[in-house]
Amino acid sequence: DTAVSQTPKYLVTQMGNDKSIKCEQNLGHDTMYWYKQDSKKFLKIMFSYNNKELIINETVPNRFSPKSPDKAHLNLHINSLELGDSAVYFCASSQRLIQGYTGELFFGEGSRLTVL
Amino acid sequence: QQQVKQSPQSLIVQKGGISIINCAYENTAFDYFPWYQQFPGKGPALLIAIRPDVSEKKEGRFTISFNKSAKQFSLHIMDSQPGDSATYFCAASTGNNDMRFGAGTRLTVKP
Chain A
1212 DTAVSQTPKY
1222 LVTQMGNDKS
1232 IKCEQNLGHD
1242 TMYWYKQDSK
1252 KFLKIMFSYN
1262 NKELIINETV
1272 PNRFSPKSPD
1282 KAHLNLHINS
1292 LELGDSAVYF
1302 CASSQRLIQG
1312 YTGELFFGEG
1322 SRLTVL
Chain B
6 QQQVKQSPQS
16 LIVQKGGISI
26 INCAYENTAF
36 DYFPWYQQFP
46 GKGPALLIAI
56 RPDVSEKKEG
66 RFTISFNKSA
76 KQFSLHIMDS
86 QPGDSATYFC
96 AASTGNNDMR
106 FGAGTRLTVK
116 P
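Chains A and B supply the protein sequences, listed in that same order.
Just so we're on the same page, our numbering is the position in the first sequence counted from 1, plus 1211.
Just so we're on the same page, our numbering is the position in the second sequence counted from 1, plus 5.
What the hints contain is simulated information worked out from the structure, not anything from laboratory work.
Just so we're clear, the structure is a prediction, and the values are computed from it rather than from any experiment.
If a hint is listed, it holds; no wrong ones were tucked in.
Beta-carbon label-pair distances, calculated as ranges:
1. D58/B / E1264/A: 27 to 33 angstroms
2. E1264/A / Q8/B: 22 to 28 angstroms
3. V1223/A / A75/B: 41 to 47 angstroms
4. K1255/A / G21/B: 34 to 40 angstroms
5. D1229/A / K73/B: 42 to 48 angstroms
6. G1227/A / I25/B: 44 to 50 angstroms
7. Q8/B / N1237/A: 27 to 33 angstroms
8. K1263/A / S60/B: 34 to 40 angstroms
9. Y1221/A / R111/B: 20 to 26 angstroms
10. I1266/A / I23/B: 34 to 40 angstroms
Derived EDC-like pairs (lysine to aspartate or glutamate); straight-line CA-CA distance at most 20 angstroms:
11. K47/B / E1320/A
12. K1278/A / D103/B
13. K47/B / E1315/A
Even for Gly, the Cβ is constructed at its ideal location relative to N, Cα and C.
With the hints as constraints, model all of the structure from the sequences given.
Have a look at this one:
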C-alpha cells in the first residue's frame, strides 16, 4: 500500500498549457510538501502545507499554485507552462514531532514533467 | 542561495572501500541533519539522521559524523557495495518543517 502516491508519473505537454499533479498520503501526516528536482538532481523546496495551511512558499512563480483540500492531499497546478518548468516534481509528507522537530520526509516516486 | 553545501558532486569507489560525503551549513538554527538515498526513478528515502546533541551516529555500515563548531557533517559508508550506488543527499531542517537539501552526490561502487 503506497504511502505517498502522486499522479501522473509522466506528463508531456506543450508550452503555454495548464497542468495539474495530484498527491495523496495515507500516513496520517500533518505536513505535505512539493519539491522540484532539476536535471542536475538538485532538490528545491517549493511549498509546505501543515494541516491545509500554507507554511512555506519559496520564490516560485505565481504560475504555480498548490491546493490542499484536506491534510491527506496536496495538488500542484501549473499555468502557462514554460520550457524551464521541465523537471521531476516530488510530493512528500512528514509528521511534526512532539518536541517540535521535523520528522522524516516520505517522498512519492515523482512526476516527470516535460514541456515541449 | 544554497543553505547546505555538499561535496563531492560524484564519487567512484571500489567494492569494499569507504565512501565519504561531506556537507556544510551556515544556519545555526538547523537542528536535524538527515541523509537521503535516491535510486534512479524513485523518490529519496531516509537513510540515517542525526541531531546536533551527538557527534556520531552509526547504523550498520552507515555512519554520520557531526561537528557542531565547524558546522559540518559527513556520511561514511563502510564496506561499500555495488547496491549502494545511488545519489545521496544531505539535508538540514529547523523545527518549522523546512527541510533544505544539498546538491547531491552520485556514488558509483565498482565491483
